[in-house]
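Residue strings, one per chain:
Protein chains: 2
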Amino acid sequence: MEFRYPNGKKFKSTAKSKQFSEKKLQREAISHGKRGMTLEEDLNETNQYYLDVGKAVIHKKPTPVQIVNVDYPKRSAAVIKEAYFKQASTTDYNGVYQGFYIDFEAKETRNKQSFPLQNFHDHQLSHMEQVEKHNGIAFVIIRFSLTEEIFLLPYQSLEKYWTRMKQGGRKSMTKEEIQQNGYQISLGIQPRIDYLTIVDHLCK
Amino acid sequence: MEFRYPNGKKFKSTAKSKQFSEKKLQREAISHGKRGMTLEEDLNETNQYYLDVGKAVIHKKPTPVQIVNVDYPKRSAAVIKEAYFKQASTTDYNGVYQGFYIDFEAKETRNKQSFPLQNFHDHQLSHMEQVEKHNGIAFVIIRFSLTEEIFLLPYQSLEKYWTRMKQGGRKSMTKEEIQQNGYQISLGIQPRIDYLTIVDHLCK
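Chains A and B, in that order, give the protein sequences. Start counting the first sequence at 1; every next residue gets the next number (the UniProt record's numbering). Start counting the second sequence at 1; every next residue gets the next number (the UniProt record's numbering).
Each hint should be verified, as a subset may be incorrect.
With a straight-line Cα cutoff of 25 Å, these simulated PhoX-like cross-link-like pairs (lysine-lysine) come out [to be verified]: (1) A:K81 - B:K60; (2) B:K133 - A:K60; (3) A:K133 - B:K204; (4) A:K81 - B:K61; (5) B:K61 - A:K55; (6) A:K86 - A:K107.
Since the hints were derived computationally from the structure, they do not count as laboratory data.
Just chain A, with the same shape it has in the complex (with noise of 0.2 Å):
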């Protein structure tokens, strides 16, 4: 719909509008920077290699939206007309690896030396204690963009410095911390981040 000015002038809405790229949203909408982009990326595509080779099925969950506002005109699809992102309440991914339960959250820093807690959540924490507690295994994979360098930490490592966090310690764990109670993966091209053999050695 056009909108015109008295003088006939068209109307062009000063808010800004910009077109939607997954990218795009991901880049800005996450707080720190570029983090959190080609990791999912990578992880993506290497879920779908261990789905495709049938060696496991393992999904990143949608990106939780509230919906406020839905337009369903005639003969065509519902339209989202306002809706926000969601923090969302559990790990972003899950699924079943060899009969176990998997799950994890992934996360990316600029930094070179650590890693911020803060880009964990309190909830997600605990989602992870009730899978370890329920025989699931939860662990998170963290990248250092500047040097592509990705490490798997198990949960029961990360909870330990996020205690260390909450008792009134360092906000982040050194990348010393990871690299000794981590275990580092190498990139790889098919499939690019291969953590299911790091996932081998949790399971025994």
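Once you have looked at the hints, place chain B on chain A.
Quick look at chain B alone, frame taken from chain A:
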């Protein structure tokens, strides 16, 4: 922002834009009437109960939405201005129970004597097949809304009727077939739909 006609009269959009409630959306977006609502609420309550008493960690996945256009107003949260409902590529619910990976879809019908198979989709069936192959437990929970009868039907049985349809047979399962191959779940107070008691049988 307000628009005014040259005569000063306020412009009112004629596009139907309704205040959104999850309930309404569910009722209107789903093509088969009121199906899908109460069952979802009951299952969410049931899963919350399981979580609270430490019995299992099972969640409904967020509704998948294709985001097309996002506004980034200064000083406030990003607003999704255009988005569409996407068909889910997996089932709606998954989680962990006693170390078992649990995966299911839940659907209702207002039919009395049969359950239409069009409630499910090819990719959901293949997803459940994959889950079973990896030693997860896959099933559907179906509800005859008019009589409030709820059944858990294991994937293997659903697959039988799905194949029959694909081979040119009937497009639904009869209630009798469901009674013979599934397990009826009686409605309770807490939890509302105690499907894990049935899952206990399936694990053995």
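To see whether the hints hold, each was checked on the structure:
1. A:K81 - B:K60: holds, 24 Å
2. B:K133 - A:K60: Measuring from Cα to Cα gives roughly 20 Å; hence the hint holds.
3. A:K133 - B:K204: Given pair A:K133, B:K204 holds - Cα atoms ~21 Å apart, limit 25 Å.
4. A:K81 - B:K61: Holds, at roughly 22 Å.
5. B:K61 - A:K55: holds, 22 Å
6. A:K86 - A:K107: Within the cut-off at roughly 17 Å; holds.
Violation of the numbered hints given earlier is absent; every hint is satisfied by the structure.
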